[in-house]
Amino acid sequence: MPYNLVVLVKQVPDTKRITGEAMRDDGTVNRGALPAIFNPEDLHALELALQLRERYGGRVTAITMGPPQACQVLRDSLERGVDEVVLITDRRAAASDTLATSYILSCAVRKVAEKAAVDLVLCGRQAIDGDTAQVPPQTAEKLGWPQVTYVESVEEIAGGRLRAKRSTGSGWERVEAPMPCLLTVTDQGPEPRPASAKRIMAIKRARSRAELQGEVAAAMPGATPEAVAAEVEKRAAALAARGFLIPQWTLDDIRADLQWCGRDGSPTKVKRIQSVILKGTGFKKIEPTKEAVAGMVHELIEDHTIG
Amino acid sequence: MTEPNRKGDVWVIAEQNDGQLHDVSLELLSKGRQLADTLGVRLAAVLLGAKVQEHAQRLVQHGADTVLAGEDNRLGHYQTNPFAKVVAGLVQKHRPQIVIFGATPVGRDLAPRVASAVRAGLTADCTDLDIGEHVEPHTNQKYENLLYQIRPAFGGNIIATIVNPERWPQMATVREGVMRMPEADAKRRGQITRFTPDLAASDFALKILEHQSAVRKVNLKAARIIVAGGAGVGSKENFRLVWDLANALGAAAGASRAAVDSGWIDKDHQVGQTGTTVRPALYIAIGISGAVQHRAGMSEAQKIVAINADPKAPIFAVAHYGIVGDLNRVVPMMIDAIKKRV
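Heads up: the sequence lines are chains A and B, in that order. For the first sequence, the working numbering gives the first residue as 1, with consecutive numbering after it. For the second sequence, the working numbering gives the first residue as 1, with consecutive numbering after it.
Isolated chain A, as found in the complex (with noise of 0.2 angstroms):
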């Protein structure tokens, strides 16, 4: 029996690339110099959704929150195979802290479940900026929905229950949870399929209408804000009728409640940053020699260290 399938699916800075080069003198690290990617996990999330319909029919829809460059994870989600995507996009959700977000995607499945009822929401365990890993469990608290995280594998998905090894840190459990259901998937769950060449020349061009807004603006410097309108109208509508425009939906569009968006919406509020100022404290350098190696060592047993 066929499956509508959600994932949820976000563009992060590769965090995980800072080498030498992308730290300042001071030892903080430059941000702005990190490119953005897909997020490491959700790609397995995308990979086993799929899986999933490879198996057993259905539809994948990726859907993202974030600025108009992040269509880009939805173009790679295209590449390697899902049926629809949709960028929610809208300056009101700026600042939206886990909670925040978490009910703003929820509120963009239950838009997806308008069309047809929703089985299964997929999500990568965590986003490697924030590390949190909350977004999926608020997400489907808030969805009402069962949640099982950290998952590896799916085994089947049969009479309305879904099947599924989940690692518990210490150990593994398999668990047959009710549908419809969100999973969280981890880097152990199925390795992501590279993107199609065939696929990628054709939805390399595929755009949603906030980023032709911003190249349109971009090319056309000084234009009156109507003339970019109708040329935005224009770019949108061929490329609709080729099927590469990525729909884009606000909060109006998916009745999101503001007191529960962005700022406002947010009970946690970032009070300080620092940056982590690699130095240590007290530094020594030590040859590698015989002698110097030694003198370490003998250091160490004197300041009790060691014994």
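Keep in mind that the hints were calculated from the coordinates and are not lab data. Take the hints with a grain of salt, since some may be wrong.
Said to hold, decoys possible - One side only, chain A facing chain B, incomplete, derived with CB under 8 angstroms: (1) Asp131; (2) Ala133; (3) Gln134; (4) Lys142; (5) Gly144; (6) Val175; (7) Glu176; (8) Pro247; (9) Trp249; (10) Thr250; (11) Gln274; (12) Lys290.
As the list claims (entries may be wrong) - List of simulated lysine-lysine pairs, PhoX-like, C-alpha gap at most 25 angstroms: (13) A:Lys284 - B:Lys312; (14) B:Lys51 - B:Lys85; (15) B:Lys303 - A:Lys290; (16) A:Lys165 - B:Lys267; (17) B:Lys207 - B:Lys85; (18) B:Lys221 - B:Lys93; (19) B:Lys93 - B:Lys187; (20) B:Lys142 - B:Lys85; (21) B:Lys236 - B:Lys207; (22) A:Lys165 - B:Lys339; (23) B:Lys340 - A:Lys285; (24) B:Lys51 - A:Lys290; (25) B:Lys303 - B:Lys340; (26) A:Lys204 - A:Lys234; (27) A:Lys285 - B:Lys93; (28) A:Lys284 - B:Lys340; (29) B:Lys267 - B:Lys221; (30) A:Lys285 - B:Lys303; (31) B:Lys303 - A:Lys284; (32) B:Lys312 - A:Lys271; (33) B:Lys340 - A:Lys290; (34) A:Lys285 - B:Lys207.
Stated by the list, open to error - Computed footprint of chain B on chain A; a stretch qualifies when at least three of its residues, placed anywhere within it, have a C-beta under 8 angstroms from a C-beta of chain B: (35) 90 to 102; (36) 146 to 157.
Glycine included, every Cβ here is placed at the ideal spot set by N, Cα and C.
Use these hints to put chain B onto chain A, whose structure you have.
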């Protein structure tokens, strides 16, 4: 839950699974005790399980003034829905001002579910908590006695301090191994309130068919000295050097993710954000470049010795002693020096 309850207690959500009380519960009590004393309120622990009396006593001995102990045979093994329902119900009823969980796989599954149910803010993976004031820049309003939730973010490259000024309770998960374990005081007395949670069969709609826990082969958290190897060690055979130095020092062997992923050593030995967070007296990093994820798990060591061929390796930035050189030559020199002295 919107209105702050300034007289509310500080709560620790204790974690037991299959009859074992998790160490992080006791670590949370030591920090919770400080917070409660600063605020002049009580420290309460919430414990759910099939049998709770014995662990409830331990929670009192480690600093809890009161324990809310919910007993139900079906709660012996953790699962999200019933645990979240009971904890959220207790939070709504008693209105604590602070609720902290361990940032364990269980705590990270449970806490967001509870936070969403009570519509409270939640900060993940805190490495420190404190009490202080806050002025909200958008409104200029001043708040006293807020919980500072301090956590690394952006792959460990920044440290963020988060506050929840208005929508309480203030909730956080706290990373394992970063708070000190309090000493047990057998004479400490507290109030243990046992109750039977109100749970229906429908709360257990998710079935756990089978589960298995592997016993950890190594306890890195308890080790005074850790000798850890990384990608620079080069091969499984060469990892022998790490073991040899560890044996010479009576130390535990640790590893970076790269070494674990290469199959040179078991995952139980992994130090870092996805492994174990450690704070030993001495940490010797051999051939570990020191990615932020690794440093996040070991930079609290009292003394750090780094041996690496690359003088630009970030590990040197957190090291107290840095040796730029060939580990195949330097490690035997160290073993030699140790054997001669000890």
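Evaluation of the provided hints:
The interface hint given for aspartate 131 of chain A is met, as the beta carbon of that residue sits about 7 angstroms from the closest beta carbon of chain B, less than 8 angstroms. Given the 8 angstroms rule on beta carbons, the hint for alanine 133 of chain A holds: about 5 angstroms separates it from the nearest Cβ of chain B. Interface restraint check for glutamine 134 of chain A: the shortest CB-CB distance to chain B comes to about 4 angstroms, inside 8 angstroms, so the restraint holds. Taken as an interface hint, lysine 142 of chain A checks out: its beta carbon lies about 6 angstroms from the nearest beta carbon of chain B, inside 8 angstroms.
Interface restraint check: glycine 144 of chain A against chain B, minimum CB-CB distance 10 angstroms, threshold 8 angstroms, status violated. Against a cut-off of 8 angstroms between C-beta atoms, the interface hint on valine 175 of chain A holds, since the closest Cβ of chain B lies about 5 angstroms away. The closest approach between the C-beta of glutamate 176 of chain A and any C-beta of chain B is roughly 4 angstroms, which is under the 8 angstroms cut-off, so the hint is satisfied. Taking 8 angstroms as the C-beta contact cut-off toward chain B, the hint placing proline 247 of chain A at the interface is violated, the least distance being around 27 angstroms.
Among the interface hints, the one on tryptophan 249 of chain A is violated; its C-beta lies about 22 angstroms from the nearest C-beta in chain B, farther than the 8 angstroms criterion. At its closest, the beta carbon of threonine 250 of chain A sits 23 angstroms from a beta carbon of chain B; the interface hint therefore is violated under the 8 angstroms criterion. Interface hint at glutamine 274 of chain A: satisfied, since its Cβ lies 5 angstroms from the closest Cβ of chain B, which is below the 8 angstroms cut-off. Checking lysine 290 of chain A against chain B: minimum C-beta separation of about 5 angstroms stays under 8 angstroms; hint holds.
With a C-alpha separation of about 15 angstroms, the suggested pair lysine 284 of chain A and lysine 312 of chain B falls inside the 25 angstroms cut-off, and the hint holds. Among the hinted pairs, lysine 51 of chain B with lysine 85 of chain B is consistent with the structure: their alpha-carbon atoms are about 19 angstroms apart, no more than 25 angstroms. Note on lysine 303 of chain B and lysine 290 of chain A: the hinted pairing holds, with a Cα-Cα distance of about 21 angstroms set against a maximum of 25 angstroms. Proximity of lysine 165 of chain A to lysine 267 of chain B is assessed by CA-CA distance (about 19 angstroms); at most 25 angstroms being required, the pair is judged to hold.
A distance of roughly 16 angstroms separates the Cα atoms of lysine 207 of chain B and lysine 85 of chain B; the hinted pair therefore holds under the 25 angstroms criterion. For the suggested pair lysine 221 of chain B and lysine 93 of chain B, the alpha carbons sit about 36 angstroms apart, so the restraint of at most 25 angstroms is broken. Proximity of lysine 93 of chain B to lysine 187 of chain B is assessed by CA-CA distance (about 30 angstroms); at most 25 angstroms being required, the pair is judged violated. Of the pairs offered as hints, the one joining lysine 142 of chain B and lysine 85 of chain B is violated, with about 34 angstroms between alpha carbons and a cut-off of 25 angstroms exceeded.
Between lysine 236 of chain B and lysine 207 of chain B, the direct Cα distance comes to roughly 41 angstroms. Violation of the 25 angstroms bound is thereby established for this hinted pair. Distance check on the hinted pair: lysine 165 of chain A and lysine 339 of chain B sit about 48 angstroms apart at the alpha-carbon level, beyond 25 angstroms; violated. Annotation: proposed proximity of lysine 340 of chain B to lysine 285 of chain A holds, straight-line Cα distance about 23 angstroms (limit 25 angstroms). This hinted pair does not check out: lysine 51 of chain B and lysine 290 of chain A have alpha carbons roughly 58 angstroms apart, beyond 25 angstroms.
As the CA atoms of lysine 303 of chain B and lysine 340 of chain B are separated by approximately 21 angstroms, the hinted pair is consistent with the 25 angstroms bound. Only pairs whose Cα atoms come within 25 angstroms are accepted, and lysine 204 of chain A paired with lysine 234 of chain A is accepted, the gap being roughly 19 angstroms. For the proposed pair lysine 285 of chain A and lysine 93 of chain B, the alpha carbon gap of about 58 angstroms is over 25 angstroms, so the pair is violated. Of the pairs offered as hints, the one joining lysine 284 of chain A and lysine 340 of chain B holds, with about 23 angstroms between alpha carbons and a cut-off of 25 angstroms not exceeded.
With a C-alpha separation of about 14 angstroms, the suggested pair lysine 267 of chain B and lysine 221 of chain B falls inside the 25 angstroms cut-off, and the hint holds. A C-alpha spacing of about 14 angstroms is found between lysine 285 of chain A and lysine 303 of chain B, which places the hinted pair at or below 25 angstroms, so the restraint holds. Under the criterion of a C-alpha separation no larger than 25 angstroms, the hint pairing lysine 303 of chain B with lysine 284 of chain A is consistent with the structure, at around 11 angstroms. Between lysine 312 of chain B and lysine 271 of chain A the alpha-carbon distance is near 33 angstroms, which puts this suggested pair outside the 25 angstroms criterion.
Between the alpha carbons of lysine 340 of chain B and lysine 290 of chain A the distance comes to roughly 12 angstroms, so the proposed pair stays at or under 25 angstroms and holds. For the proposed pair lysine 285 of chain A and lysine 207 of chain B, the alpha carbon gap of about 57 angstroms is over 25 angstroms, so the pair is violated. Proximity of the region 90 to 102 of chain A to chain B, defined as three or more residues with a beta carbon under 8 angstroms from a beta carbon of that chain, is established by the 4 residues found. With a cut-off of 8 angstroms between beta carbons, the region 146 to 157 of chain A has 5 residues touching chain B; three or more are needed, and the interface restraint holds.
In this structure, the hints that do not hold are numbers 5, 8, 9, 10, 18, 19, 20, 21, 22, 24, 27, 32 and 34, in rising order.
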